[in-house]
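**Q** Hints are included, so try docking the two chains, each in its own frame, into the full complex.
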Amino acid sequence: MDTRTAITELIHRSGLIMDDVNFKGYLDLCAPDYQYRISAYSPEIRKDMTWLEHDRAGMKSLFDNLHKHNSDKSPITRHISVCTVAIDEQAKTADVVSTLQVFRTTLDGGQTELFAVGRMLDTVALGDDGPLLKARNVRLDTRMLGFGYHIPF
Amino acid sequence: MSRNAVQWKQKPNFPESHYVDTRIYTEEDIFLDEQRKIFNKCWIIACHESEIPTAYDYRTFSHPGGPPLIVIRGEDMKVRTFYNICPHRGNTLLYEPVGNAKRITCIFHAWSFNSTGDCVDISRGKEGYQDRFACKDAGLREVKAEVGFGGFVWVNVDDDAGTLADYIGDAMGLLGGHLDEPLEVFHYHKAIVDTNYKLWHDTNSEFYHDYMHYFNRITGMIQPGYFDRKYTGYPNGHASVGSMAIKYDAYEGSKARGVGWPGLAPGGWVLIDIFPGMTYNLRTSVLRMDTAIPLGPNKLLIEFRGLGLKSDTPEQRAERIRDHNQIWGPFGRNLHEDLLGVHGQGLAMRERTDSKWVIHGREENMTIHDEGGMRHFYAEWSRRMGRDAFNPYGEQTEAAK
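Residue numbers (my numbering), protein chains in the order written: chain A, 496 to 648; chain B, 7 to 407.
Extracted from the complex, chain B is given alone in its bound form (with noise of 0.2 Å):
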């Protein structure tokens, strides 16, 4: 039966944990403060080791809370992190994605700094500062930066923050062994696309929507095994979906994998959410890393990226890339439908469209189905948000009192 207005606005008869109000995925005023209350406090992945593999190569990233910051590994093969902002005039420092600078010179005035963030010379200094401001005044603004699961490079712009590892803690445990190797990227290519961030990252916390693909459901969902992978949920948001044995050949054109991943059995599937947009996919022989970058309520860029073993052979590796391209490239059967999915998301739930709720109510004892993965992630935003997701301002307890 169709539904009126006010049926349209009643609550869902879900319990609280079950459903969000659309006004999570369009308000401007959220989306600032999740800036400030997610993005800059949380560990965030800005490139792969493999992007600057000798001294002084850098490359740039723009960090979700905002700030543009500059990754560089220094002479001691230290990677560091700072913000692309010369202390100055505000200029940009480096205006490349990547490149090697053994000193970072602003073209404006010509301040130099070295790789370690000192400024190692102010042009005319003394002539102009005389002795009240010198190099030792002017370094860059250092961003805790540390290298880990699978080699990533992670940022965190609050220095009050605890360890990368403390923030992840044991949500990769499915991923134990899989990524001692060292790995390199082979792919890279940005998406923008109206849409929130999160639902970017609901559309890698959930599984139901393998009805869109029709790769998946003739590979993973008429399989064996596919109803008995499960969710878990981890502290700080994080959350794991558990393998399966994918049936490359049942798709037409497509054939059974030749090469797999150290630990990881034939056909097997991974897939790790790190908190607040960050997904570990690895399937069966490529290893991709979603990075939600949101820009606004209703823009996102994501990041994609495929990884091999560095070890590879030129066989291996194109193999790989062949996997890869086949449901993740940007031509995949895959990608364009969940890109699709989340586009439709957001023309659907702009502002003023009178979106009012989403639901998360599947409940299947947290197999493949249920929708327990977003249900995790909306918990932890909502603890970090002061602010809940089914009601975030608070209408319903004034209404209540």
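Extracted from the complex, chain A is given alone in its bound form (with noise of 0.2 Å):
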């Protein structure tokens, strides 16, 4: 396998794995120095926002708590398309540019809606041993989220 189809594939793989809730595949995909970000702009007090930010032993923790929280049980599905793959040879790492769409389907009845739009911004590390998630910042358009969720995308 190539390169380029290797990254793409990871993303992608990224988003199906968390779609299965396997947060330890998720985890076995990431660099030991893993940052997940999740931000937004607010025009409403025209500032940049962070809303989510961990590092690899943080997301760990995140996953681990969850089941002791009260949380929405509708799956969400991730929807990604890796748009650009830009390649960094020396450096050994890979920016990539996808756009997200997150849907959410009610448990009684399957209703499907639109959660969420925005953009994944991934850094890959390329290693002997394959592509790993190195950096990912979702940056989300949508900024009204309902009552929310407790899984990052």
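Incorrect hints may have been included.
Cross-link-like lysine to any residue pairs, in silico, SDA-like; alpha carbons within 25 Å at most [unchecked claim]:
no., chain 1, residue 1, chain 2, residue 2
1, A, LYS563, B, ILE224
2, B, LYS196, A, SER537
3, A, LYS568, B, ILE198
4, A, LYS542, B, SER249
5, B, LYS362, B, TYR399
6, A, LYS519, B, ALA256
7, A, LYS563, B, PHE233
8, A, LYS542, B, LYS15
9, A, LYS542, B, GLY157
10, A, LYS568, A, PRO527
11, A, LYS587, A, MET496
12, B, LYS261, B, SER249
13, B, LYS261, A, ILE571
14, A, LYS542, B, LYS108
15, A, LYS542, B, TYR101
16, B, LYS196, A, ILE571
17, A, LYS555, B, TYR101
18, A, LYS542, B, MET83
19, B, LYS108, A, GLY553
20, B, LYS108, A, ILE571
21, A, LYS519, A, ILE571
22, A, LYS568, A, SER556
23, B, LYS196, A, ARG499
24, A, LYS555, A, LYS542
25, B, LYS236, B, GLY259
26, B, LYS305, B, HIS349
27, B, LYS84, A, PRO538
28, B, LYS261, A, LEU595
29, A, LYS542, B, GLY105
30, B, LYS305, A, LEU595
31, B, LYS47, B, ASP165
32, A, LYS542, B, SER317
33, A, LYS563, B, SER260
34, B, LYS305, A, LYS555
35, B, LYS196, A, MET496
36, A, LYS563, B, MET218
Hints in this document: simulated from the structure, not taken from any laboratory. The model shown is predicted, which means the values in this text are computed figures rather than measured ones.
**A** This is the structure in structure tokens:
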């Protein structure tokens, strides 16, 4: 598999594996120095906002604590389209820009609604064992999320 | 023992101040009455001064009583508020939520207004109106506005309303000295939930629901001092909850807060509810402000703001943002649970579900699990509405006659 295809598959697999609520599998796709972030721009206060920010250990804690919280159990699905892949051979990294649509499906009846749209801005580490997620910024256009959600996109 | 239909509808065996009829959450006529008698009479937070820092900056606001508003800072740096309605053909004057406008010009027919609400130009005015109508007849409708209590911009659409200071009274006492430094909004988002605004304010007025929050149980409820926190009620329906030391590092993956707040003890937490739907929530390093804007009896828009100190270094601000997000961000541990709770109430209490009563009966010497905060709110609600919350249509009085 060529590098570009491997990177694209990594990005898509990261969405599928989160849709499957396989948090260990997700963390296995992440480099040890992984940084995750959800951000958005607020035109109302004219400021960039960070809504969630964790390193790999922080993501693991978040996942480990989930079952102790009261959460909406409706499954969500992440529809990711990889748009650009810029490989830096020297730095052994790649910057990837994808568009993201998140849908939520109710448990009772299975009605699906669009939950959020945005972009995923990923940095991928290119190691000998294949690509790993090094940093992800989920840049949301949607800022109204109703009663919200506990699991990151 | 489960109950049959008659038993389900029987009045709870509590004093009438200790329960409410759920129709106050569901009936359209009561909601319209609330807009007239409560929201159009009370001081409401429209935005924060840091959102309009320079001359001619404006912010739009959908007032819960109905009128769309413009909050604008004048050349003299004074903040004023006007209806966002052109007096000519009723068009919206400013469409964006925020901006800067030395002149407010209606896109429809180019009538122009300045930041003090004066009409300064009517296009081809003389030709169309001759001497019958001119700029002096076409000013914007001004609404009372004051900046205070942490730099928030408060508005009151009642021309006869008293001052903001009179409305708040002593209710902000617990935050005295904590809001003296200039603040800055770093977080803003809205949520629309199918629920009644009072149910959201109730959630901010009682801590018994800490059972819903794992984070609060671990860092607060099982820690020393939790059950010493007390509610205090103030005139006009406001209430406050005293502080304790939250043990943030008791939650796995969390840590003791590094930055504090002027005058607040480490790990401190003070909450003040302002009638009818605003809450100051100062939790150790971050001030959160909720503004409840009802859109209907079972539809609520909540504005969430997170604030730090204007003097924050980038490192301090980043830490406040992290603290805020852990529990209160859109993906935070507590906010989702709170919203899920009132969403569930909205589901169960919407029209024709045969819900009947909500009980506010806990008495624990006004300490943290006492439901006196809600009782205090509904006493004021009943006074302003001219209806008893336990008997909003006067049926029990009629039956007694």
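**Q** Mind listing which of the numbered hints don't hold for this structure, in increasing order?
**A** 4, 8, 10, 13, 17, 19, 20, 23, 24, 25, 28, 30, 34, 35
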